[in-house]
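Trainee: As a plain string of letters, each chain reads:
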Amino acid sequence: MNPAYSVILFTTASGAGYGLLALLGLVGFNHGPVSIFAFGITAIIIALGLITIGLLSSTLHLGHPERAWRAFSQWRSSWLSREGVAAVATYVPALLFGVVWTDIIHAPAIVGPLGLLTGIMCAITVFCTAKIYSTLKTIRAWNNALTEPVYLAFALATGGALMTAIATVFGRYQIFQAILTGAAVILVAVLKYFYWRSIDSAERTHTMAAATGLGTGVRQWEVPHTAENYIMKEMGFAVARKHALKLRNSVFFLLLISLLALAACQITPWFSFIAVLAVLVAAVFERWLFFAEAQHVVSLYYGAEKA
Amino acid sequence: MTSLPTPQPNQKKLGLVIDLDTCVGCQACATSCKEWNTQGYSAPLTDTNPYGADVSGVWLNRIHGYEVNEEGRDDSRVVNFPRSCLHCETPACVTVCPTGATYKRAEDGIVLVNPDTCIGCKLCSWACPYGAREYDHTVGVMKKCTLCVDRIYNTNLEPEDRAPACVKACPTGARHFGDLGDPNSDVSQLVKAREGYDLLPEMGYKPVNKYLPPRKRRDATSSKQIALPKGDGSAMDRLFSWADKMLSGKSSAASAKQEDYSDKLEG
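Going down the list, the protein sequences come from chains A and B. Residue numbers for the first sequence follow the working numbering, so the first one is 4 and each next one is one higher. Residue numbers for the second sequence follow the working numbering, so the first one is 24 and each next one is one higher.
Don't take each hint at face value.
What the hints assert, rightly or not - Quick list of in silico lysine-lysine cross-link-like pairs, DSS-like style, CA-CA up to 30 Å:
| hint | chain 1 | residue 1 | chain 2 | residue 2 |
| --- | --- | --- | --- | --- |
| 1 | A | Lys140 | B | Lys229 |
| 2 | B | Lys145 | A | Lys245 |
| 3 | A | Lys236 | B | Lys145 |
| 4 | A | Lys245 | A | Lys140 |
| 5 | A | Lys309 | B | Lys239 |
| 6 | A | Lys309 | B | Lys215 |
| 7 | A | Lys309 | B | Lys229 |
| 8 | B | Lys145 | A | Lys309 |
| 9 | B | Lys191 | B | Lys57 |
| 10 | A | Lys134 | B | Lys229 |
| 11 | A | Lys249 | A | Lys309 |
| 12 | A | Lys134 | A | Lys236 |
Derived from the structure by calculation, the hints contain no laboratory data.
So that you can see chain B by itself, here it is in the shape it has in the complex (with noise of 0.2 Å):
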């Protein structure tokens, strides 16, 4: 049924929460994923040619890097950002599906894709703003994470692993799993400390998962303040400071007195 089910009052909604701040982008998250998967619910996620000059494959998690220029900073950051299924709340990918492959589930709100029942016809990928949804033309279905549905109620697994594969494998503690439907829950209060947000939120369709803005930079971490040396005032460095005057000619003498080694970064 592709129809949404209806909200229940305290709806437990499982999701995500993704700290931009610690990502490192180590690509930990993506491989575990690939490879519980690929044996899990949404086996095979497939590789085709994987060692050729021609690769292609499906992945669940793709974790894209991002430069932001900060208002009133010259330099930039990198922000490594990772991007799956946000679990919406009103997800348009079930609800244009013709067949009721995909469905959200009224107990925790994931979204899956029934593959005994998908048709193959893409039309959910194309209503999904967030590019979840990968198809695998070697099996003929839609794939897409499952927040690892055959984890997280996994009684032969230790209680400890019951998490998604990519929260497991995070090593800098960056992806948070939870309901999101209790406030009091740790990702809840997690998003409410850190101000966690939506990911296009215009669009209406309620994302689940939510993620937690870069904090703001300390001026000391720098990568400029470091990567650049500062006269320290010592007998040496007014030495090399008459020299360099000397050294570079009229014209850029009053420059040199700034102390800016900026162009002198690229060989």
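Bound-form chain A, shown alone (with noise of 0.2 Å):
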């Protein structure tokens, strides 16, 4: 699948946005209003920053952008809308928890209430996103029982490590901040290793044989066409395929290398803005993989024997 640089933002920001939204919601579940105002509301925007960022950024790839607002209408049955109503949705709860944490309205009563709705609809966000993807039969890579969780691991590992970097500049880094977000970014690596070697090793179950109905020795002799189309273009993409290899570990070495930044943050928390680069950077390696080495069931008319 062709890896457009708007999805791979959309998901990689959003998802560091959203990752970051819950933990502040659940820290305010934990703690009640924070007590160092700048912190909370430079963290709330960032969050929220990132997250609008991504959502506008997920619309440059649209067609007609000034009709995004339609995709509110199919979430009985897409799951893309799904995100969208979601992702909207979210914005609810969590301004207002934005304002109460914050304390700029006071009402410490409900700090916790909604700092866990937030927490709550950031994950469910998450989740329909990735199921856009793990929905798609056509895509074997994709319609992997993994694919949902590495992605949410993946939120809580880049949002954690901006917690920790947010935190650590006004002064109020804490231990389990890197320790929590140290045990994402181990959740992420298992996840991505089980992940990449389940779709090395899946069988694959669609062949040309099938595809055209014309036999087990079958073989593409002529295209349709003399010029790329747009199925060759968008589903064709297999150029990634043959650097796979060096960009996972190239993920795996930048994980490594937040893991010890965030091990290091016992030395000085200002590690963390080195642990904060590296998984995002590994997140956004990942996701273009993730797109990359896709195959897609269309490529057996097009010369793949199994799809």
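Relying on the hints, combine the two individually framed chains into one complex.
Mentor: Written out as structure tokens, the structure reads:
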């Protein structure tokens, strides 16, 4: 699949934003209103900013961004529609949580429930994003039981690293932030290891024989057009498979760097900035591979023997 | 509404039956489709840089060529393979649509895209295993086969012209149009008689369009049989056979006896 940069930016930025927002919600749930206003307001703005940038960038790859509002209508059948609804709905508890957590409006009693609700909505939205991909039977690498866990774990890891770094700036670094983020990074690494093992070893159940009905002795003789068409450009992206192993190893390497940086936060918490950078770059690499490595069933009509 | 309509008893299922035995790969269906649909329901079917080096364009019908090796034969045959929307009974392209722009018609099962509400997110094209949907970058919406919905019910046309453009254009009668929900229709009977089949049946989208397999090849018409001359045992033939043996030398004399000229097909 062609890795569209707008979609990669959308899923990584909004994932980090939702991860950060969910963790702030849980912090509020545990501790009530934030003790330093500047920390609270900065963290909330960064979280909602990343989410908003992500959502706006996801409309960039639309043919008609001005019609994007129509995407809220088909939540009964479409995960893309559900994601849109969940994303917009999350703003309501998130903004309310933001103003009571930072004590702009003094209502300490509802900080906890709003924080919890915000966290749950964040998880639902990221889950819906992953579902858009995991429900596509045409793409074996996405139609995988680990797709949703990976999206959720990456949101937690990137969000946790951001929280640690922002807390550091305002002198609010605490060891639980580094430990929680480190656990999420380890979870990502484990899930990705099993995900890649799963897609590499899975049986290729669709064949050119079944796609054409012409038996096992069929092979491509002539393509239907003299130039690449939309199908070949969008679904036929295969260049990355050549470099997949190198890029996969870089993801693991970056995750390791972020783990070491998180451990080094015990020396000085400013190492959390290295952790943020490493885990975000790892997320972008991983998301690029998620698209670029995925083979679409339609490739069977264009010469692939199995999919 | 992108939820699928509930099938009714005797549900009408309009679709195509494509005969891979008679298709000659002439592209008449594809060009006729393009000609009709670039001014019809899906208009325009944009071409970008049509006379330049980097040609690109939207087509609703693509004709592949496949080489098929049949078991027990050492030669192969070419099968021309038109590919377009199969108007599935349970299409994933419809249910993934976030806006309701793409829908399956309850009355005849045709799958359409409303170009006024499509946001161009391309998710439907990802969900389709058959590559039936092509995105129009210029217009910013998805395009697909409409089964010429603007022809088949068009009372401004003569009754015999109320068929998809591709069906009307096919010079060998390889494309058939009709109601595949009616077991007594001509197309259903044809599918039954010729053992028509579904593409990628295991994916479960239940395509309405059917493909008729190429008939078993008769040996008398195989290209190899005609291309290779056989000795007829006449005096002249025996003379050439003797000359061949003399000129071939010892090592190849044995094989020359078999009258196999297959290595001479290429100069």
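Trainee: Is it true that the CA of lysine 145 of chain B sits at most 30 Å from the CA of lysine 309 of chain A?
Mentor: Measuring from Cα to Cα gives roughly 24 Å; hence the hint holds.
Trainee: For the pair supplied as a hint, lysine 309 of chain A and lysine 229 of chain B, confirm whether the alpha-carbon distance does not exceed 30 Å.
Mentor: 21 Å, holds
Trainee: Taken at face value, is the distance from the CA of lysine 57 of chain B to the CA of lysine 191 of chain B at most 30 Å?
Mentor: 13 Å, holds
Trainee: Could you grab the alpha-carbon distance between lysine 145 of chain B and lysine 245 of chain A and see if it respects the 30 Å cut-off?
Mentor: 26 Å, holds
Trainee: Regarding the pair lysine 245 of chain A and lysine 140 of chain A, is the alpha-carbon distance no greater than 30 Å?
Mentor: Holds. Lysine 245 of chain A to lysine 140 of chain A sits at ~24 Å (cutoff 30 Å).
Trainee: Given the proposed pairing of lysine 140 of chain A with lysine 229 of chain B, does the C-alpha separation stay at or below 30 Å?
Mentor: 14 Å, holds
Trainee: Does the alpha-carbon distance linking lysine 309 of chain A and lysine 215 of chain B stay inside the 30 Å limit?
Mentor: 29 Å, holds
Trainee: Would the hint linking lysine 134 of chain A and lysine 229 of chain B be met if the CA-CA limit is 30 Å?
Mentor: Since the Cα atoms of lysine 134 of chain A and lysine 229 of chain B sit roughly 23 Å apart, the hinted pair holds (cutoff 30 Å).
Trainee: Does the alpha-carbon distance linking lysine 134 of chain A and lysine 236 of chain A stay inside the 30 Å limit?
Mentor: Status holds; Cα separation ~24 Å.
Trainee: Hint check: lysine 236 of chain A vs lysine 145 of chain B, CA-CA at most 30 Å. Holds or violated?
Mentor: 13 Å, holds
Trainee: For the pair supplied as a hint, lysine 309 of chain A and lysine 239 of chain B, is the alpha-carbon distance within the 30 Å limit?
Mentor: Judged against 30 Å, a Cα distance of about 26 Å means the pair holds.
Trainee: If you draw a straight line from the CA of lysine 249 of chain A to the CA of lysine 309 of chain A, is it 30 Å or shorter?
Mentor: 24 Å, holds
The structure meets every hint from the earlier list without exception.
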